[in-house]
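Spelled out from the first residue to the last, the chains are:
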Amino acid sequence: MIKVTIDGVETEVEPGTTILNAARQIGGDLVPPAMCYYSKLKGSGGKCRTCLVKVAAGSAKDPRPMPKLVASCSTPVQDGMVVQNITSPEVLEARKGVVEFLLINHPLDCPICDQAGECHLQDLAFEHGSAKTRYEEERRSFDKIDIGSKIQLHMTRCILCYRCVFTANQITNERVHGVLNRGDAAEIGTYIENVIENDFSGNVIDVCPVGALTDKTFRFKSRVWFVKPMYAHRNCDKCCGKTTIWMKGDEVFRVTGRKDQYGEVEDFICNDCRFEKKLTSDWTVEGPAPIQKNSVQAQNKYLQGIKVDAPKNIGYGNISDR
Amino acid sequence: MARKLLLENINVPGIKSFDVYRANGGYRSVEKALKTMSPDDVMEEVKKSGLRGRGGAGFPTGMKWSFLDRKSDKPRYLVCNADESEPGTFKDRFLMEYIPHILIEGLIVSSYSLGSNSTYIYIRGEYRWIVDILENAIAEAKHNGFLGKNILGSGYDLEIYVQPGGGAYICGEETALIESLEGKRGNPRMKPPFPAISGLYNCPTVVNNVETLATVVPIINMGGDEYAKIGVGRSTGTKLISACGHMNKPGVYEIELGLPVDEFLNSDEYCGGIRAGHTLKAVVPGGSSVPILPAELFYKTKEGVARLMSYESLSEGGFASGSMLGSGGFIAMDETTCIVRNLWNFTRFYHHESCGQCSPCREGTGWMEKVLHRLEHGHGSMSDIDLLVDIAKKIEGNTICPLGDAAAWPVASHIRHFREEFEYHVKFPEKVAHSPFAHSADYKRELNTVLQ
Chain A
448 MIKVTIDGVE TEVEPGTTIL NAARQIGGDL VPPAMCYYSK LKGSGGKCRT CLVKVAAGSA
508 KDPRPMPKLV ASCSTPVQDG MVVQNITSPE VLEARKGVVE FLLINHPLDC PICDQAGECH
568 LQDLAFEHGS AKTRYEEERR SFDKIDIGSK IQLHMTRCIL CYRCVFTANQ ITNERVHGVL
628 NRGDAAEIGT YIENVIENDF SGNVIDVCPV GALTDKTFRF KSRVWFVKPM YAHRNCDKCC
688 GKTTIWMKGD EVFRVTGRKD QYGEVEDFIC NDCRFEKKLT SDWTVEGPAP IQKNSVQAQN
748 KYLQGIKVDA PKNIGYGNIS DR
Chain B
23 MARKLLLENI NVPGIKSFDV YRANGGYRSV EKALKTMSPD DVMEEVKKSG LRGRGGAGFP
83 TGMKWSFLDR KSDKPRYLVC NADESEPGTF KDRFLMEYIP HILIEGLIVS SYSLGSNSTY
143 IYIRGEYRWI VDILENAIAE AKHNGFLGKN ILGSGYDLEI YVQPGGGAYI CGEETALIES
203 LEGKRGNPRM KPPFPAISGL YNCPTVVNNV ETLATVVPII NMGGDEYAKI GVGRSTGTKL
263 ISACGHMNKP GVYEIELGLP VDEFLNSDEY CGGIRAGHTL KAVVPGGSSV PILPAELFYK
323 TKEGVARLMS YESLSEGGFA SGSMLGSGGF IAMDETTCIV RNLWNFTRFY HHESCGQCSP
383 CREGTGWMEK VLHRLEHGHG SMSDIDLLVD IAKKIEGNTI CPLGDAAAWP VASHIRHFRE
443 EFEYHVKFPE KVAHSPFAHS ADYKRELNTV LQ
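Top to bottom, those sequences are chains A and B. The first sequence maps to residues 448 to 769 in this note's numbering. The second sequence maps to residues 23 to 474 in this note's numbering.
Simulated from the structure, these hints should not be mistaken for laboratory data. Any given hint could be a false lead.
Unchecked claim - Listed below are the simulated DSS-like cross-link pairs for lysine-lysine, each with C-alpha atoms no more than 25 Å apart in a straight line: (1) A:K487 to B:K213; (2) B:K26 to A:K515; (3) A:K579 to A:K663; (4) A:K508 to A:K489; (5) A:K668 to A:K487; (6) A:K515 to B:K415; (7) A:K725 to A:K685; (8) B:K69 to A:K489; (9) B:K96 to A:K450; (10) A:K501 to B:K213; (11) A:K543 to A:K597; (12) A:K543 to B:K93; (13) B:K96 to A:K489; (14) B:K26 to B:K213; (15) A:K579 to B:K26; (16) B:K69 to B:K93; (17) B:K206 to A:K487; (18) A:K508 to B:K415; (19) B:K213 to A:K543; (20) B:K415 to A:K501; (21) A:K489 to B:K251; (22) A:K450 to A:K501; (23) A:K508 to B:K213.
As the list claims (entries may be wrong) - Distance ranges between label pairs, derived from CB positions: (24) A:C687 to B:D62: 54 to 64 Å; (25) A:R581 to B:E30: 29 to 39 Å; (26) B:T58 to A:P512: 27 to 37 Å; (27) A:D556 to B:P424: 33 to 43 Å; (28) A:P512 to B:M244: 21 to 31 Å; (29) A:N641 to B:M85: 42 to 52 Å; (30) B:G294 to A:R581: 40 to 50 Å; (31) B:R256 to A:D556: 31 to 41 Å; (32) B:D62 to A:P512: 27 to 37 Å; (33) A:M513 to B:S405: 39 to 49 Å; (34) A:S577 to B:S403: 10 to 20 Å; (35) A:G490 to B:Y120: 37 to 47 Å.
Backbone N, C-alpha and C define an ideal beta-carbon position, used for all residues, glycine too.
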């Protein structure tokens, strides 16, 4: 076990742990946000740059600081490393910059986006973004594409985290989509109009941090904060069968994987469970799923009686920017 | 005449062919290294020479070689980075086109030292005709027993392969180059692990610039100590400088590091001065990504010390008043140059060449281009200038690879040194549109959109 100090909190972790995972072991506000890193996907991370942190001392042996901010999701900790995240103004400034970059070409169409309410970019912009944009030019836009009968790809909202590419690489046997072109013209695509048909292809919806990949069986059916997430399971011969079903009354609106507090699924589920089993009788309901304190879903009435930490700075953007 | 090491025989007729090259003392270093020296001896000589990477970063080559993981049982690779795409840099092209055997010779010696049995030359796709020249040179060397199995009876085997790239600037970054060489999309990798531990096909790999590897030849021939005597301070040896811009004699020159910049730009032996009737306005001394220097800061540092063509002297003053030697792409501009337009052009390049993997560079380079496009065409406002500085600051240091820095440095330095010119563009769009050096579109017309 090696020692690492993050924002003044000391912890012991296994050698080879990344700074981000060490911070997650401590938990709380000092966990850097991550838009592209996904612990279940090998090789993910390092791309969005929202998890940048300052390494004030490299290790006990070599206590020099690292010259640049590092991506905490892909930098392993060293014994005696001292990391600054929210205690470093430099990091917060850089993060604000990254959020601004992520938003300049994002359509900000949250009012009509199915992801609203469970969108990582929304949370990130709420925490670190500014209320006004300095971007005057036309935003990048693409046409919506149907990739298969159940999934829709809306590239305009994509932040190119590459998670769906890693998912297709690692949990399905063949990948038919990927990143085309380069720079700000880069897009997720199937090159020639192609259909992603695979028993596990639906998981790209779960890993997508924004509303670029959405479930066509749920599109425009309901806002996520009007449906009630319940843990449920069924016997499935393809996957673990453990899911979250999103219900309104006795109706199942959609099925997703079980997500932890960082929005990562515990286990990938198959398309049968996700798209086909929309009857209450298909599922054995276990009970309400936990909801993150900052989530807009936590505002819903049914949570009365369950203790929820109130989200910080409610309003439009940061108070200082208003 | 100053000393020439790489381009010594460049004017010998037929130097492209093996026979002429050999008759002029070529492949001596291979004989010397393989017959009388151990691989470690070769590395020691390179270390002693103080040779620094000629591709731009100036990292000591001997040290880079010593990082190579020699203990693992995986094969080791040497990759020659011939993906020379920096605007203003064309020295490797000249070397490979006119004297290809010096690169092959350098590759054999370096591969022997590093223990690489298959060495790759990754060359940019636009140099299609040079691929043929290099393959021809490799075939000649192989025919004469300098490549293949059991070279010169030493028991050392080596094959050299030439791989053209698809034409992307980013593939000059060593990990993106390795990805591309493996047949993947040329996205830079996250570091660590560094290529010296896990590079090409997850094997230990060294990636070096063409000129760096060619320079190994004179180092072995004359000895590392002797080579280190050339130059000044930690900038040892000679360097190819590709000079272009408003000068009388643009071209590729081999200089001894430590040559005064004044002599390089104004003497007849080198660039021959700025074209008649004009004065120097600014210099980009090391390829488009290094900070620009106005004429007064180019000739003399802020402290009034005359600058030399060396890694240290050009970076004297840091980013506030200095620049970098970089890859040696020397661009001189006279007073007719529009700095705003020049910066727009540079930024357009980085926007086009960003790989799109990490967000600051993907979004920031495009944004900077759009703002500069607006400024240059007379649609800018004063706040745009500060906006540019701020975008550059937020890209710099926050990206996976150095392309983000390379895009941000020119913006920051152009505005630092020529702010009044940007302000002039904002205040007097009509004058800019009709000035002799602006090819600006009519400022009254609606602005056309920048393509993605």
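Outcome of the hint check:
1. A:K487 to B:K213: Given that 25 Å is the threshold and the Cα spacing comes to 20 Å, the pair holds.
2. B:K26 to A:K515: With Cα atoms ~39 Å apart, K26 (chain B) and K515 (chain A) exceed 25 Å; violated.
3. A:K579 to A:K663: 32 Å, violated
4. A:K508 to A:K489: 29 Å, violated
5. A:K668 to A:K487: With Cα atoms ~29 Å apart, K668 (chain A) and K487 (chain A) exceed 25 Å; violated.
6. A:K515 to B:K415: 13 Å, holds
7. A:K725 to A:K685: Holds: K725 (chain A) and K685 (chain A) sit about 17 Å apart, inside 25 Å.
8. B:K69 to A:K489: 38 Å, violated
9. B:K96 to A:K450: 33 Å, violated
10. A:K501 to B:K213: 16 Å, holds
11. A:K543 to A:K597: 35 Å, violated
12. A:K543 to B:K93: 44 Å, violated
13. B:K96 to A:K489: Holds - the C-alpha atoms of K489 (chain A) and K96 (chain B) are around 23 Å apart, at most 25 Å.
14. B:K26 to B:K213: 37 Å, violated
15. A:K579 to B:K26: It is violated: about 58 Å lies between the C-alpha atoms, which goes past 25 Å.
16. B:K69 to B:K93: Since the Cα atoms of K69 (chain B) and K93 (chain B) sit roughly 20 Å apart, the hinted pair holds (cutoff 25 Å).
17. B:K206 to A:K487: Holds - the C-alpha atoms of K487 (chain A) and K206 (chain B) are around 23 Å apart, at most 25 Å.
18. A:K508 to B:K415: 32 Å, violated
19. B:K213 to A:K543: Holds, because 24 Å separates the two Cα atoms, which is no more than 25 Å.
20. B:K415 to A:K501: 16 Å, holds
21. A:K489 to B:K251: This hinted pair is violated, its Cα atoms lying about 50 Å apart.
22. A:K450 to A:K501: 17 Å, holds
23. A:K508 to B:K213: 20 Å, holds
24. A:C687 to B:D62: 54 to 64 Å: Since C687 (chain A) and D62 (chain B) have Cβ atoms about 55 Å apart, the given range 54 to 64 Å holds.
25. A:R581 to B:E30: 29 to 39 Å: 55 Å, violated
26. B:T58 to A:P512: 27 to 37 Å: Between T58 (chain B) and P512 (chain A), where Cβ atoms are some 46 Å apart, the hint is violated.
27. A:D556 to B:P424: 33 to 43 Å: 35 Å, holds
28. A:P512 to B:M244: 21 to 31 Å: 41 Å, violated
29. A:N641 to B:M85: 42 to 52 Å: Roughly 48 Å apart at Cβ, these two residues keep to the hinted range, so it holds.
30. B:G294 to A:R581: 40 to 50 Å: 46 Å, holds
31. B:R256 to A:D556: 31 to 41 Å: Given a distance of about 55 Å, which is not inside 31 to 41 Å, the answer is violated.
32. B:D62 to A:P512: 27 to 37 Å: 34 Å, holds
33. A:M513 to B:S405: 39 to 49 Å: 33 Å, violated
34. A:S577 to B:S403: 10 to 20 Å: Since the Cβ atoms of S577 (chain A) and S403 (chain B) sit about 19 Å apart, the hinted range of 10 to 20 Å holds.
35. A:G490 to B:Y120: 37 to 47 Å: This hint holds: roughly 43 Å between Cβ atoms.
The structure is inconsistent with the numbered hints 2, 3, 4, 5, 8, 9, 11, 12, 14, 15, 18, 21, 25, 26, 28, 31, 33, although it conforms to all the rest.
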